[in-house]
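Peer 1: As a plain string of letters, each chain reads:
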Amino acid sequence: MADLGHFTVWLWAATAMCQVFLLVVLIARQNVSIHPAFTFYVFMTLAQSGLLFLAITGSGFWSASSWKVGWFTQCLVLAARGFAVAELCKHILGRFRGVWLMARWTICASGLIALCYALIVGFRKWTLMLTTAELGIELAIAAVIVSLLLFARYYEIEVDQPFRSLAIGLCLYSCVAVLNDTVLEHWLNGYVSLWNKFGMLAFFACLLLWTQALRHSVPQAAADPLLLDGSVYLQVIPEVNGRLRALNEQLIQFWRLEEPRT
Amino acid sequence: VNILLLLPFAAVALLLAALVWALRPRRNSPANPSDLAGLEESGRQHATYFGVIRQAMSAEDFAFLAAHAPSGLVRRAHRDRKRIAILYLEQLRTDFQRLLRVARVIAALSPQVAASHEFERMRLTMQFFWRYRMVSLGLYAGLLLLPQLGGLNQMVSELSLRMELAMKELGERAAVAAELASTLNGRGLDMA
Chain W
1 MADLGHFTVW
11 LWAATAMCQV
21 FLLVVLIARQ
31 NVSIHPAFTF
41 YVFMTLAQSG
51 LLFLAITGSG
61 FWSASSWKVG
71 WFTQCLVLAA
81 RGFAVAELCK
91 HILGRFRGVW
101 LMARWTICAS
111 GLIALCYALI
121 VGFRKWTLML
131 TTAELGIELA
141 IAAVIVSLLL
151 FARYYEIEVD
161 QPFRSLAIGL
171 CLYSCVAVLN
181 DTVLEHWLNG
191 YVSLWNKFGM
201 LAFFACLLLW
211 TQALRHSVPQ
221 AAADPLLLDG
231 SVYLQVIPEV
241 NGRLRALNEQ
251 LIQFWRLEEP
261 RT
Chain G
1001 VNILLLLPFA
1011 AVALLLAALV
1021 WALRPRRNSP
1031 ANPSDLAGLE
1041 ESGRQHATYF
1051 GVIRQAMSAE
1061 DFAFLAAHAP
1071 SGLVRRAHRD
1081 RKRIAILYLE
1091 QLRTDFQRLL
1101 RVARVIAALS
1111 PQVAASHEFE
1121 RMRLTMQFFW
1131 RYRMVSLGLY
1141 AGLLLLPQLG
1151 GLNQMVSELS
1161 LRMELAMKEL
1171 GERAAVAAEL
1181 ASTLNGRGLD
1191 MA
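Read top to bottom, the protein sequences are chains W and G.
Quick note: the first sequence uses the working numbering, first residue 1, plus one each step.
Quick note: the second sequence uses the working numbering, first residue 1001, plus one each step.
Some clues are possibly wrong.
As the list claims (entries may be wrong) - Looking from chain G toward chain W, a few residues come up when the C-beta cut is under 10 Å (computed):
no., residue
1, W1021
2, K1082
3, L1099
What the hints assert, rightly or not - Here are a few chain G residues that face chain W, going by a calculated C-beta distance under 7 Å:
no., residue
4, A1013
5, A1017
6, L1019
7, V1020
8, L1092
9, A1108
10, A1115
11, R1121
12, L1124
Rather than coming from a laboratory, the hints here were simulated on the basis of the structure.
Computed from a prediction, not measured in an experiment: that's the story for all the values here.
Here a beta-carbon is modelled for each residue, glycine too, at the ideal position from N, C-alpha and C.
Pulled out of the complex, with its shape left as it was, chain W reads as follows (with noise of 0.2 Å):
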């Protein structure tokens, strides 16, 4: 443990508690039922530590073994982050049926564009494999929530607090670790300790956000809105549509307008 230093081993210490506090929390709150792929991925980090702690105290920091056992735990984390989040969306959007159905493929297609996007200009070298796709993926998870955050805002469907703590805190946790990632594969060599220093910090961070917006028993969700018969829809939109389409032909005439002849 001595090649970590002082600072990253008490922040680890303080991140442990604190994810054992938030996953205590979120069992005596009786938050589990709502949020178990949250649960889980809390779970998961929390065991990630575990056994990070165990392969640096036994063989170091440097070794190969830790370097496993920290990138295998890293994608198990990854793919839990990934389910706590199509968690999120389910309960932002979920309960109006058509625009969750249509959201969910632009979300996804948004997180894979990110994806592609990171991949594409992030890939150089095949040592640097993991980290890129790490900060693809992270990306990805980044933009899938701003993704939902915009559907929201945009169809004015209201999102908790709970769910909107949750929400920035995993997004902002996805971008501190993409920039991190970014300057990792650039200056790999003199950088590590210090990444490692700032993803923690941000993770902890991330927990307290978590732990303070989970410490009351989320409400139970609201009833599912009673929906419209499917040709209210067929037979309004279009006519909204045509309606908007003629107040934008409004503003076209402002600038067609002819002199008159005076």
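Since the structure of chain W is provided, determine the placement of chain G on it from the hints.
Peer 2: The following block gives chain G in isolation, referenced to the frame of chain W:
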């Protein structure tokens, strides 16, 4: 500086800006049944003011004024016409926003929505607000000159007829929309 290093930073900056935009408090008051039902009322108001606007924008009146009135009065008439054009533009925007809200409420409560309609509305919205900004700037900067605005007369007359017909139909729809909005407010979709 390597451009490849900057691209992820730019992507993150873009995402954070979008995040802040998506989370910022709404300026508009929440949609409510009376707001949506106000569509029909808005149509009536339009019809009431069309006559005044038509008169104010009359090319004949302006020509007469330019020929016979002192320059101070002509300038004042210019200013008033410009003000009316701006008010008219504001009204167009209000109508546009109100229709958008109705469409969103209906879409949110529909069991199935067509992506083509939704994306078309998004495209129309972006187009409208871009043009709205351009026309506003043109009017404030004096790029759209008063002789051009004189043609608003014709435009308003045409719109008047279309609006009266459209609002009659939309009045019926507004009643449906009002019901929808109360459903939204009562069953989970908080419009605040």
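Peer 1: Hints first: check each against the structure and report whether it holds.
Peer 2: Against the structure, the hints:
1. Because the beta carbon of G/W1021 sits about 8 Å from the nearest beta carbon in chain W, less than 10 Å, this interface hint is met.
2. Here the hint on G/K1082 is broken, as its CB sits about 12 Å from the closest CB of chain W, past 10 Å.
3. Restraint check, G/L1099 versus chain W: the minimum CB separation of about 5 Å is within 10 Å; hint holds.
4. This hint is violated: G/A1013 has a C-beta 9 Å from the nearest C-beta of chain W, more than the 7 Å allowed.
5. Proximity of G/A1017 to chain W is violated relative to the hint, the smallest CB-CB distance being about 9 Å (cut-off 7 Å).
6. Given hint, G/L1019 at the interface with chain W, holds; its Cβ is 5 Å from that chain's nearest Cβ, closer than 7 Å.
7. For G/V1020, the interface hint is violated, the least distance from its beta-carbon to any beta-carbon of chain W being 10 Å, above 7 Å.
8. The beta carbon of G/L1092 comes within 6 Å of a beta carbon in chain W, closer than 7 Å, and the hint placing it at the interface holds.
9. With its C-beta approaching chain W no nearer than about 5 Å, G/A1108 sits inside the 7 Å limit, and its interface hint holds.
10. Interface restraint check for G/A1115: the shortest CB-CB distance to chain W comes to about 5 Å, inside 7 Å, so the restraint holds.
11. The interface hint given for G/R1121 holds, since its Cβ lies 6 Å from the closest Cβ of chain W, which is under the 7 Å cut-off.
12. Because the smallest distance between the Cβ of G/L1124 and any Cβ of chain W comes to about 5 Å, under 7 Å, the interface hint for this residue holds.
Violation of the numbered hints given earlier is confined to hints 2, 4, 5, 7; the remaining hints are satisfied by the structure.
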